[in-house]
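Fit chain to chain and form the complex, with the hints in mind.
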Amino acid sequence: MIRCLLAQISRNQNGQLVRKELEATGEAVQIGRAAGCKILLLDHRVNFHHATIHYSDGGKLFIEAEEGADITINGSPELSAELSPGTHVLVGPYELIAETPTDDYDLVLSVEMVHPLPDDHEHISANQAPVTLAGAGLSKRKLTLWLAGAIALIFLILPMIPASSPTLPKWVTSLQASIKKSWQLGEMSRGHHLISAKCDACHLKPFEAVPDKACENCHKTVARHIEDKTLHANAFKDMRCGECHHEHRGETREVTQDAQCVACHAKIKKKNDKTKLANIRDFSKDHPAFSLTFKTGHKDSDVVRISQIDKAKLIEKSGLKFSHKVHLDKEGVSSPEGDTVLECRDCHQLDAAGTRFSPISMENNCQQSGCHALNFKPPVSKRQIPHSSEQKLMVTLREYYATTAISKATAGEKLQCGAGVGVGKNQLERALDCANHNAYVNAEILFKPNSGCGECHEITPDADDKDIPWKVTPVSITSHWLRNSHFTHAKHSTAKCSECHDKTLSEKSSDVAIPAIEKCRECHVGNKRVKNRLNSGCDNCHSFHNKNAPPSSVAAH
Amino acid sequence: MQRNTLLEYRNYRYFKIASLLTISAVLAYLFDQPAMGAYGGSWLGYLFGILSALIVVVLTLYGVRKRLPSIRTERRNSLNASSPQQDVPDRRKRQASWLRHHGATLQGWLSAHTYMGIALIVLATLHTGFQFGWNVHTLAYALMMVVIISGCYGIYAYLRMPRLMTANMGGINTFNALLLEIDDLDKQASVKSLQFSDDICAVVRKARQETLIGGNFFRQLTACQRNCPTAKAVQQLRLLGKSLKYDQLKSFDDLFLIMAHKETLVRRARLDVMYRARLEFWLYLHAPLSIAFLTALIAHIVAIFFYW
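Just so you know, the sequences run in chain order A and B. So for the first sequence, our numbering puts the first residue at 1; every next one is plus one. So for the second sequence, our numbering puts the first residue at 1; every next one is plus one.
One chain only, chain B, in its complex shape (with noise of 0.2 Å):
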């Protein structure tokens, strides 16, 4: 359903402008001849040049527009304000229609912004006339392009990790709920784990104090320890029980399943930590990054007109 709304917004709408823009321009510039090779300075570059920042502008609205859902309650008021004899029925009616069409602009600002977004690859690269340097417009380009790679992933992960996070919790409601049936498996193994040998113990111990869920940011984005003590010691117990006696076995199985099972549940955990991070990391280079390509597409004007 996600995928429907936000990409199939109002049936392609933004795809569509997105698209005859992308088109239009690359015509444009197969076209056109400029006396001294195409730049960012002949009338198509200059031309191409505004219309970006003009879908910068745009797309930074989106930012400030997230960024404030006090508008909805101000603009609701004010519709409200502006109908105080209607009849009630009447009333909620136009609220609702007014919600479901602002609830859809919401959307469909994220539909704009994400195709924009791409078609802003198109109209810069062809503002620039593919000429780079080591100077601030290429750098304006470069941070733009982070930006907007970052955005598509984005959009890729905002589709298709909560599937994933919903799969791999597998029933199990939330995070917490998911530690804490962890914490409850460790403290079975560590009852469990008294009757046997200090070598089967200290195993048990060490998964225990040791088994590391999150991190820091690799660590999180990888879902990885090294060494895991759990997935070790459910490796370990699987050797040390070989030399168990007869009567212990039963006990021990017992103590090979919990652990087992915390291995699965470690794991998940760690995945879906992994998963939030990849949903959320990059927005820790896109919206940094944005912020740092306007700056440097003001100083990129700045340095054109100033030595114009």
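If we strip away everything but chain A, and leave its shape as in the complex, we get (with noise of 0.2 Å):
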């Protein structure tokens, strides 16, 4: 039997100690919550049956916690312990202590809630979890001032910094290359793909739009617009090249567009009334008639254009006779092969480009099969009369009559010639006055109008000239008949010749067979999509940059 007394201590509202004794007895003493227990200790860090007092077999008093409940004594977490006055023992949050045995009591334990439960809303809220999002740690002004910081530093300062700075380390140059990327619009076109990282090439000055000069560094024979220079510099004043390239827009998109052609053109005759050129806005509205360039001269510059409405004008003087009527005869033409069928290709042969022909001569194309042969006339011998001058082909002749006459006069033959020739002159004298008149003869049927060089050439009577009267009319064949555009014949190659030039039954070499706009715009349009049409833009056909111009640095100088 355990005589306990059990001295409840605890505190009044001024904070002083209050001790309430009860007796506890019995075989042991129990503590917890449950309702049995002798020291009801009511908390809920206190198990339902928490710990026993009871006797040792060497009689002495013992406390020992029951399964799965925690007891310190004397600071320390222990099972069991022997009750020895002074002893700590924590229950929970009670604290029990040992005090010296009475006569009465053969224990007397101090029982004191030593770890009461907050009690007090300020106690609550400072154990709380942050409610706030600024609670949570999340701040604003660090987020903005990191953000912003990084992107002035990162996007702003370093790609101002000159790259050049011989001060930088050269990791801090090249990745400050890196980051000036980032200042640009968009992709380089191709052919500056070269000095995309040099920004300075082109960008001459902070804050200043890229100057021409700055192209023309390497671009420097890029013709001007317009021929006349002081129009050209009327049209164009301060206009850059950089209003028409666009830069960074990708790797296609440098060129100009039509929109920006369309933009001068589309009223052109406002902007300047004494032009010759028509409004024009799109290929397949208002583009005018195709206008023939037609050489007045040999020069270059000897042209003259006329437009295809006007067609009693479109008459090309070659000084040549030809019918591509006989030559493209299905049943052929009669050559030294036999009658042979000629296509088009046997005498118009691409160039190299692939663009227009090589020019036709005489050499390559009339007698490359033994066809016009130039013989004398009367075929007195084998010999060909040069594709000459009238001067050479004279010469031949005089040549050829002379050795004659002078071979035949030495061997005593009797000389051909016509009655009245070199009389009363010796035999060498007239020898000589023989071989002028058969040459003179012979010529006389060459240059005659419809045979002999007359058969291709236009000859016409030189009265002046008592030596050699008559004249053939230079050739002048026009091999650019739309000079202000670029045309490909390599690329039209799966139509035929006759598709865009009938000249099938063209019987004179004056008839002009260049195809109308309108055979065109049968594959191309403008540059609204048609269903089975081509897009054509301004520059399929039209360069900007008039190749007959000077460059434009010269002109802007």
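What the hints contain is simulated information worked out from the structure, not anything from laboratory work. Values in this document were obtained by computation on a predicted structure and should not be read as measured data. Relax, there's no trap hidden among the hints.
Heads up, simulated BS3-like pairs for lysine-lysine below, C-alpha to C-alpha not over 25 Å straight-line:
id, chain 1, residue 1, chain 2, residue 2
1, A, Lys313, A, Lys295
2, A, Lys285, A, Lys274
3, A, Lys38, B, Lys245
4, A, Lys237, A, Lys269
5, A, Lys140, B, Lys66
6, A, Lys274, A, Lys237
7, A, Lys198, A, Lys180
8, B, Lys66, A, Lys142
9, A, Lys299, A, Lys276
Next up, the structure:
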């Protein structure tokens, strides 16, 4: 039997200790929340049955923790311990202190709540998890400073530091070049990729638009738009290259677009009332009829342009007589090899660029298969008369007939001359006269309007020249009919020649068979999409920089 | 009422202005055929850029205006100073009128801020000509879009959240009152649980000690605590109650009801935290990113004209 006095210690409102004693006697003294416990400790931190005090076999008082419960003896966790006077036992939030036993009691225990539960709102709030975003550690100000600072440093300050600064280490300049690219609006055009990292190759001064000088440093031979220097200067005034050639727009967008041409050419007559050009917006809508270039002389500048509308004026004066109808006869044309059917390509051969055709020549095209051999008339020799000037032709004839006459005179043979030639002269003089006579007679036959040379050439009498009184009209064949455009025949090889150039019935060389714009429009349309038609911009046929004009750099200064 | 005053301010004045601006811009964009295709460097592109920059300035000024409440006082003082000779009733009348006007102006600022911000989406997008890349220009655009979209969410939150918050609180006035009530229930549950086994007592203790309201950024936004001890305690009590003796059931029912009530209040408290977080979190994007956007915008403008 344990006779136990329980002294409950509490504090009054003034904080003074209040001791209340109770008796708790039994075979063993249970400690816990359970109703049957002798020492009842009502706190949820105390187990239902927390510990038991009992006598040991040796007659000493022991406290022993129940299964699953924790007790602390004099500051260290134990399962059981002797309850000698002065022992401090912690059961949940309660401290039990064994006091000196009295005569009436084997055990005197004081019990005090030493760890009370928090009971005020401030304490609850102090232990409360954050309930605001600011309380959770987020700071708008810090985020602002970091973000704005990083952007300002990376995208504003670093790209502005001159790359060539010798004070900067290499890795900084290389990093800077990468950062600088962040300022680029878009991909560089294909031609400028090589200088994409050298901003100052074009941007010569900060906050100043790219000057033409920067372009001309590399593009030295780019021609201006208008041949006339003054007109060009008036039309383009202070306009920079960069206003048409927009860079940083991707690989293929740098070159000028139709709309830029149309910006002027749609109202070109308003801009310059003296211009012969028509207002134009689109190839399909209002592109005028083509103007063909006719040669008027041998110089490149000796040309005249005639619109295809003026059909009566479309006559080529080449100085030649040529019938395409005869040469393109389906039955063939007679040649030393028999009747031969000719095709266009037998005479007209594409040049190396595939754009236009190689010039026609007598040797390469007309005499290629023994056709158009230049024999003596009458055919007194197998020798060929040279296809050359009138003078050279006469020299050849005279040489031949002089040799023949002198040979005959030396051999004592009779000279075959016209009556009265060389009469009264010695044999040698007579032979020379005879040779000149025969040469003249032969030349007279050759220079007839419709035979010999006259079969192909236009021949006119030349009364002023008594020695050679005939003149062959100089040949002038137009090789580039549309001089202000570029047309690539090779790209149109899927079409037959006759689809565009109908020459099969042409009997005169003066006939012009350049297709009209309507023919082009069968396949090509302007910028508006049309099914099964090819969209064609201005630069499909025209070049802004006129190849006939000197470089812009020359024009500018 | 809030919806009316903010979005319908002065018979949709700023909605009309923003719509007119947007429609005009779209039509101009559709009809304009720049030589090099649409982009920020065409004359229309520059116009869109300048307009957008001006709108950005106006939008930023709202932020400044909001942070300068003293303007009101200063202006009121100056108004009073200008008419000292007027009698009191007249002056009060003017003050009241001015305040109404001034109050409306502040709301007008927000109304304009909202609609012009949305119009900026269209104007700035047309300014780009739909050309984007990995550069500071697109960075500025992207930041601007995040700022505007977060602002749109902010308007939605301001219009929607207060009602949800009021409905959620169910008559409890403040969040602190809710916390005190939860604490009170905790105490009641602790006392009630003392008479029961250690299992029940531990469940109640754990629910008291480990239940979290609020917490980090994501917990606040989601109103969720994984394996919430209170919710779990209610579930466990339902099971543990089955093995109790008949004479304990009455007290246990009381304990269960206390815990169930606590669970409801905890949910409400968490929802309240969530609504407040959702009402606030967009500002953590809107305000810092707007300054970041302004910095990127300056970089964009400097870059354009530095390498003109």
